[in-house]
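Novice: Residues per chain are reported as follows:
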Amino acid sequence: GAGVSQSPRYKVAKRGQDVALRCDPISGHVSLFWYQQALGQGPEFLTYFQNEAQLDKSGLPSDRFFAERPEGSVSTLKIQRTQQEDSAVYLCASSLAGDRADYGYTFGSGTRLTVV
Amino acid sequence: DAKTTQPPSMDCAEGRAANLPCNHSTISGNEYVYWYRQIHSQGPQYIIHGLKNNETNEMASLIITEDRKSSTLILPHATLRDTAVYYCIVLTQGGSEKLVFGKGTKLTVNP
Numbered sequence: 001g002a003g004v005s006q007s008p009r010y011k012v013a014k015r016g017q018d019v020a021l022r023c024d025p026i027s028g029h030v031s032l033f034w035y036q037q038a039l040g041q042g043p044e045f046l047t048y049f050q051n052e053a054q055l056d057k058s059g060l061p062s063d064r065f066f067a068e069r070p071e072g073s074v075s076t077l078k079i080q081r082t083q084q085e086d087s088a089v090y091l092c093a094s095s096l097a098g099d100r101a102d103y104g105y106t107f108g109s110g111t112r113l114t115v116v
Numbered sequence: 117d118a119k120t121t122q123p124p125s126m127d128c129a130e131g132r133a134a135n136l137p138c139n140h141s142t143i144s145g146n147e148y149v150y151w152y153r154q155i156h157s158q159g160p161q162y163i164i165h166g167l168k169n170n171e172t173n174e175m176a177s178l179i180i181t182e183d184r185k186s187s188t189l190i191l192p193h194a195t196l197r198d199t200a201v202y203y204c205i206v207l208t209q210g211g212s213e214k215l216v217f218g219k220g221t222k223l224t225v226n227p
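For the protein sequence lines, the chains are V and R, in the order given.
Each residue of the first sequence is one higher than the one before, counting from 1 in my numbering.
Each residue of the second sequence is one higher than the one before, counting from 117 in my numbering.
Keep in mind that the hints are not guaranteed to be accurate.
Unchecked claim - Pulled from the structure, derived: some chain V residues nowhere near chain R, Cβ distances all over 10 Å:
#1 Gln41
#2 Phe66
#3 Glu68
Claimed, not checked - To be clear about the criterion: a stretch of chain R counts as covered by chain V if any three or more of its residues have a C-beta under 8 Å from a C-beta of chain V, and this derived list gives those stretches:
#4 119-128
#5 214-225
FYI, nobody ran anything at the bench for these hints, they're computed from the structure.
Backbone N, C-alpha and C fix where the C-beta goes; we use that ideal spot for every residue, glycine too.
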């Protein structure tokens, strides 16, 4: 597609529920990132994939957060047993390659998760 | 932590130039200055980046001081649609490096 697509656009979850957020990166983009953005704050890094390999997951806040990209294209961010502090916008970004990013990273519009 | 410092907010009149400053006094020789902006309810959007020379594209101009410790993003003729949070980020050019966002500058363009 022309851009990074994220779904759903909005998700309301009851506390304790599991959720799965999907990211479709730009076709051919090798690198894929997930970010979490709390209200009024800048995005914060969660995890990074190069193709199907998860090379950095240092930003995942707890073991309730899990991300995968099994075929090196679509990625899913899963949050188990959601808590109110998980409420945020989850952003996905992709880029062409590991060593050149002349046009920067392309972000999706995000998924707004509200835990009630 | 972010390696840059930006004013929290700025105002600009529609049609005038918006000059957004950024301090990055600890930038290293192989780090680039990138600018992104985030319009309400959207993901961040790439604007421009540079190493040491001034850069210009269809969206903006980037002026980097000779010592590279600061830079200015210039929107030559701001429109209402330029109202957004603008982030200045330093990183080694590469698609595998994570972006570290600070709080950015909230630019409001007024009619």
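Novice: Are the hints correct? Go through all of them and say.
Specialist: Evaluated hints:
no.: 1; hint: Gln41; in the structure: 7 Å, violated
no.: 2; hint: Phe66; in the structure: 18 Å, holds
no.: 3; hint: Glu68; in the structure: 18 Å, holds
no.: 4; hint: 119-128; in the structure: violated (count 0)
no.: 5; hint: 214-225; in the structure: holds (count 7)
Checked against the numbered hints given earlier, the structure breaks hints 1 and 4 and satisfies all the rest.
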